[in-house]
Amino acid sequence: MSTLRRNLRFVLYELLEVTTLSARERFVDHSRQTFDAALDVAFEIAEKFFATHNRKADIFEPHVENGKVVLIDEVSIALEKFRDAGFFAAHSDFENGGMQLPNMIALACQSVFLMANPATAAYPFLTIAAGNLLSSFGSEAQKEEFLGQMLKGKWFGTMALSEPQAGSSLADILTRAEPQSDGSYRIVGSKMWISAGEHELSENIVHFVLARVIGAPAGIKGISLFIVPRYRSQNGKLENNDVHLAGLLHKMGYRGTTSTVLNFGERGDCHGFLVGVANQGLTYMFQMMNEARIGVGMGAVMLALAGYEYSLEYARTRLQGRDHKDPLEPQTAIINHADVRRMLLEQKAIAEGGLALGLYASSLVEDEKTHPIDTNRKEAALLLELLTPIVKAWSSQYGLKANENAIQILGGYGYTREYPVEQIYRDNRLNPIHEGTTGIQGLDLLGRKIVQFEGASLNLLTREMKFTIDAARLETDIKDDAEQLENTLNQALQTTEKLLQARSELGTKIFLANSNTYLEMLGHTVIAWMWLKQAIVAARALSRELSEDETAFYQGKIHTCQFFYRFELPKVAVWSKLLISLDTTVLEMQSEWF
Amino acid sequence: MKILCLIRQVPDAEARVKAKNGLVDLEGATLALDGMDEYGVEQALRINTDGANTVAVALGGARFEDAIRRALAMGLERAIHVESSEHLDVVTQAKILAKIVQEEQPDLVFCGGQHADSDSQALGAALAEALNWNQITWTTALEIENSSVKATHDVDDGKEQLELELPLVITTQQGLNEPRYPTLPNIMKAKKKEIRKASLADYGVAGGKVRVVKQEIQDKQRLNKLIDGKDPTAAAEELIKLLHVEAKVI
Ligand SMILES: Cc1cc2nc3c(=O)[nH]c(=O)nc-3n(C[C@H](O)[C@H](O)[C@H](O)COP(=O)(O)OP(=O)(O)OC[C@H]3O[C@@H](n4cnc5c(N)ncnc54)[C@H](O)[C@@H]3O)c2cc1C
Chain C
0 MSTLRRNLRF
10 VLYELLEVTT
20 LSARERFVDH
30 SRQTFDAALD
40 VAFEIAEKFF
50 ATHNRKADIF
60 EPHVENGKVV
70 LIDEVSIALE
80 KFRDAGFFAA
90 HSDFENGGMQ
100 LPNMIALACQ
110 SVFLMANPAT
120 AAYPFLTIAA
130 GNLLSSFGSE
140 AQKEEFLGQM
150 LKGKWFGTMA
160 LSEPQAGSSL
170 ADILTRAEPQ
180 SDGSYRIVGS
190 KMWISAGEHE
200 LSENIVHFVL
210 ARVIGAPAGI
220 KGISLFIVPR
230 YRSQNGKLEN
240 NDVHLAGLLH
250 KMGYRGTTST
260 VLNFGERGDC
270 HGFLVGVANQ
280 GLTYMFQMMN
290 EARIGVGMGA
300 VMLALAGYEY
310 SLEYARTRLQ
320 GRDHKDPLEP
330 QTAIINHADV
340 RRMLLEQKAI
350 AEGGLALGLY
360 ASSLVEDEKT
370 HPIDTNRKEA
380 ALLLELLTPI
390 VKAWSSQYGL
400 KANENAIQIL
410 GGYGYTREYP
420 VEQIYRDNRL
430 NPIHEGTTGI
440 QGLDLLGRKI
450 VQFEGASLNL
460 LTREMKFTID
470 AARLETDIKD
480 DAEQLENTLN
490 QALQTTEKLL
500 QARSELGTKI
510 FLANSNTYLE
520 MLGHTVIAWM
530 WLKQAIVAAR
540 ALSRELSEDE
550 TAFYQGKIHT
560 CQFFYRFELP
570 KVAVWSKLLI
580 SLDTTVLEMQ
590 SEWF
Chain G
0 MKILCLIRQV
10 PDAEARVKAK
20 NGLVDLEGAT
30 LALDGMDEYG
40 VEQALRINTD
50 GANTVAVALG
60 GARFEDAIRR
70 ALAMGLERAI
80 HVESSEHLDV
90 VTQAKILAKI
100 VQEEQPDLVF
110 CGGQHADSDS
120 QALGAALAEA
130 LNWNQITWTT
140 ALEIENSSVK
150 ATHDVDDGKE
160 QLELELPLVI
170 TTQQGLNEPR
180 YPTLPNIMKA
190 KKKEIRKASL
200 ADYGVAGGKV
210 RVVKQEIQDK
220 QRLNKLIDGK
230 DPTAAAEELI
240 KLLHVEAKVI
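Protein sequence lines correspond, in order, to chains C and G. In terms of numbering that gives the first Met the number 0, the first sequence opens at residue 0 and continues consecutively. In terms of numbering that gives the first Met the number 0, the second sequence opens at residue 0 and continues consecutively.
Looking at chain G on its own, in the form it has when it is part of the complex (with noise of 0.2 Å):
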């Protein structure tokens, strides 16, 4: 089977970032790929073991080659490299990553539920639009037979079970797979995969539609709150309250 990931690559959860002149300024910032793109480059090795028939696509500037020689490194087989670094809308994007899906002919295409910088979650349906092909997304379990699909898609409060038949667009979740990390042989490896370099030009598009003006960095303030630590079991509980009402990150 073959199988393209597209992947990003975005500033690492942990980086400072900054705005000047009005636009997010990456300088210094440490970059990685995005993790929900990994799922997607972790489940396609679980499929094609060897890697064999795995292809890394990415849409994006320079910077992005440390992001593909990463997917590289965990075992894709070589990558397409759409060099960017304009502003593109996901229209526009996905419409140039179906004129590769169709030079490359995939079975399946895997693309990460949500991208971390912007959290826009638009680039599958869009790029299975573009496609005319069927789509599951927010996948946290995926089965393949010949060409049936069986897979879960996460829905608010509980799941959907769906199955489908190839092709097909998958976007990823939190829980599909745990990512393997590049083992260092591999990334040497790496180094000598073949990365197709090609422009905008390439695929008769000239820019987005849509004109970045402005962009800021939301300003969090630490909220300094304190918990009487005089009853452990208490205080375990409200602190388990904070994280989950007001943190929401449990």
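Isolated chain C (complex conformation) (with noise of 0.2 Å):
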């Protein structure tokens, strides 16, 4: 984990300034020093808890017996350690028993935990996101009941949204909830795939269930949220709260997460706790959702660095081939053919351009809260709502071809389920479908980011963007690619225009027909702006005396920035010519011709 190491430091202190947060009264008890010091433990503990069974709970997925959910001791022991270093509460109020960091932080030092064990974190990082939820929208009484519990991590959380009817199309949810004099509700139906949803890891699980009230509005107008837990308070003692384990999911991947089909009120006897007001439920949610995909993102970047640290260490070590034809001289390491390089290249560009957007990107949620200026916290906000899809979408797609750039690069040994490439890749290959999938995420960020507040959030990223290119500018090792993002940017805008225009002018199908391009048109376009926030920086750090290692490192982000900019950049330019010509191939296929 020592690339995840060095990268963090980079985009942390160097990139996004993080100690400055200081100035804010909220982290004025904070420096570099309490931030490396949290960043420690996180890496102790991942390394030698979390990683160290990351392999085992793969082979030993979950299963039932007598009616319980058996997992691996490990799972457990790895979770005691994090939540007696109290990471469920990283980011929470000191008064909460939280170290209140700021969310840069406190995302960092959860991606440490993404890289060495995905299902095993999923577990607390579901229930800090559920905590969240509760803390933001719930009422003080059910604040004492649950949140103290999840902060100190003995109750754990779930977000229970999705049916087996209803994924994508959450308007769709048949869950039901009556309400009772006592102000409570009955709660009854089905929801699947809930992460989390059974396990004995926790004294308690809280459920956060979508649910219709009887006689609510149909569609998501009707959806209103409810505190669901399995044990009920009743009398001083938790009692069972009807909630039942239907089945288990058998994954491809992230199968140390219990995947489960959940019963709500098979026996009548399922009791809700309405959060906020009825019928809100959905923009509860969804208020939550910029962080939890952002979660997920990154998710698929810690994925995408942790083949290329294998997958790169394994390029040094593995001989093949020679240099010259002369079979009497020894085999060279695979790193010194160029199409090897190539596919480092590659994923070094996709995970490191990643993780500087997803950290960038909680920077957003950091100012959108605690920025002292009004003006900059709603820009952060619209900026956010923009970048949110990328994160989430682009990430998560890119991540996995990082991933396959790993397992060709172990050639048949990473075919195989004794190096651990395979695996990543089939753990990663749930990014692009939970928290919305990828088709879902091209729709919401045309459909509405770009649309929404006439093209605010479209403006402000293209100031962002134009600061960095005029700073670019300065620096002569970069100047080309200032150069070259400004005309990319300029080709983005345009085609933007030329949508709006068609739909205004043809309507909402052909101008969100080809929304998937698009997403990657922009995720392109980001990216490399990413990418030349960090060789700003780097070509400053090399007019410094500097060590050989430290010259390597930021002589490599400049190198892997170019690497970028010539294979990747121009394929903007491909997908913008497709997206303007306002093509209708794809929606006017028929059912019938395949």
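Rather than coming from a laboratory, the hints here were simulated on the basis of the structure. Only true hints are included.
Chain G is faced by these chain C residues, among others (derived, beta-carbon under 7 Å):
no., residue
1, A37
2, M98
3, E549
Ideal placement from N, C-alpha and C gives every residue a C-beta, glycine not left out.
From these two lone chains plus the hints, build me the complex, please.
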């Protein structure tokens, strides 16, 4: 995990200058020393207790014995260490026993666990996300009963949205909530895919369930959010709350996380507690979605980095072929073959570009909450809205591409289960699916984020990118890249204009027909921006006296930027051309013609 | 009981260290509290569970402060940092540390059994000598009742049980305990704990007696040994043999 360590230092301190946050009242007690100390503990626990059972948890999947879910012991030992160190409350206020870490550092710590063992990390991260939901929208009494236990890591949480017939289209959920005279609700329905929905790792499980109050309007306007605990308190004791495990799902990857089908209210005795007001459930969920989606994007990036680290080490030690034709000459390490370097560069460009973007997005989450200036808070929120689908979808799609390269570098060995890269790929395959598929992210980006507030988000992105372009023009080594990014940005903006025109003249169907291509186009442009930002920092660093290792690190940054600009960025022109032509090939294809 | 824990900062076991101009260059290397010292910190916190009367003592450059904060975040009460980036031989270090011990009057001093960077095992012994105290080295188990101490001391192929009276210098060995991790709230608390800064001059020392002329990093070649895996049992046995006999890691 040494690549992650060095890159976190680079992105957090050099690129995003996270220590400047200590000027904000919330973070006055913080400094680089406290951030580093938290990251150190994350690395130690992740390396010693999470990474060490990543493979074993994949082989020995969760299963049910005598009605209880059984996991390998290492999972609960790792989570105990995570809990004892206080990571459940890392971001939370000092008064709640938290460390009040800025979002960027909390996310960086989470990333360390995601790289070591994403399946075990899912249990606490779902709990943290559910806790954030409660802390934003729950009543004081609900926080008192549930949040404290979740921040201590004694009770875990889940997000129970999906149902067998309602995945992407949450408007179609059927789970019902019947109001009771005591203010609670009785919940009846089935939820599918619920991660961490059942286990014995915590004393209780707090499900955050989307359901319809009886008589609520159809569609998304009639969905409410409920707290539904596995055990509810009754007369000072925890009683069974009529939540049943209908079955475990057997997945391609992420096997250590239980994926459950849950039945609520089989006996008519499942108590649910309304969060906020009725019919606002999806609005609440979506407010938390930005952070959850950034988390998924970062998860994908971490697995891209894991594959990169492993295949890099492998390429340096695997001997195959010769530099010259002389058969008596010893074989050379495969890293010396140009095509292997290409595959390593592609992984590096994706993983480190994605890491910079994920943490940048998390700096916007922070600014939205704690920036002292009102305009900056609003601008951060707008920019974050636009970047979230890119963080989520670009990172998960290209993260997999990175993993394919890792497998390819290992050749036949990569295809076997003796080496970790196949598991990394299988685990990563989830990321383009959950928290909204790539298709849904494309629609969200073009259909909502570009259009809303009269294009204010895209204007902000343009402004920010131009700042970077102007700064890069001053650095001799990268001024051509600055030029190229400016041209690409202009191309992307013209494309957007053309599409918006088509929207008003030809309707949304044509406008959105190629939204996935639009996501690729803007995604690549944004990642190119992240690379230019990194290259500026690197170019400036190289003007100082540096050790050999440090020189190599920064040169690697500038060279990878160059790789992305020569091999990847030109694709934007192809995508742009297709989008501007308002191509309808996909739209016009008929079901019968397949 | 008052306890002093001697601590040092060393390159992390995974860190790639390089030599530059004939001296080890730590720029960019990940540094950590010496694992052997961590056993001492942990043991002190097991004796004084609330951390009261436990003091970290460090003798080294400004960068040592991270290791000191780590020991404080684990739970020690306060620290004394004699700041000097000079290379000091162990005997000179022991002289300075003995003066601190005389100032602080502890009952017990913990010292790492071996330095992770230089491999030296002499500091505990040199300090005990400078203080004219008894010492227990390579300690793997410890029980203290009033002022009497029962300890297990590792020897090559076995162990010895010792009983001694306080005050003592005790050097640690792997197996003594499993050190705790600092908790996130304790990292914040550690920030507010006292680190008293001192200089060599405060202890009447101008410098060490030994001058380092040159340092080199050992160049270890990979063996690239491949074990035939057709018979898994034989392969596992072969691997264990290699790790035990050649690599000497198990
Ligand atoms: C391992 C795992 C863990 C999960 N964890 C949870 C969890 O903890 N909680 C939870 O609530 N859910 C969870 N999910 C559910 C997940 O969010 C859904 O699987 C996802 O939203 C997709 O829904 P679906 O599977 O029903 O696919 P569908 O919605 O049926 O989609 C199938 C395909 O059709 C496409 N599609 C659908 N609608 C459109 C459209 N309007 N336009 C264009 N294309 C469209 C999709 O992009 C996709 O390619 C999990 C899923 C998995 C696999």
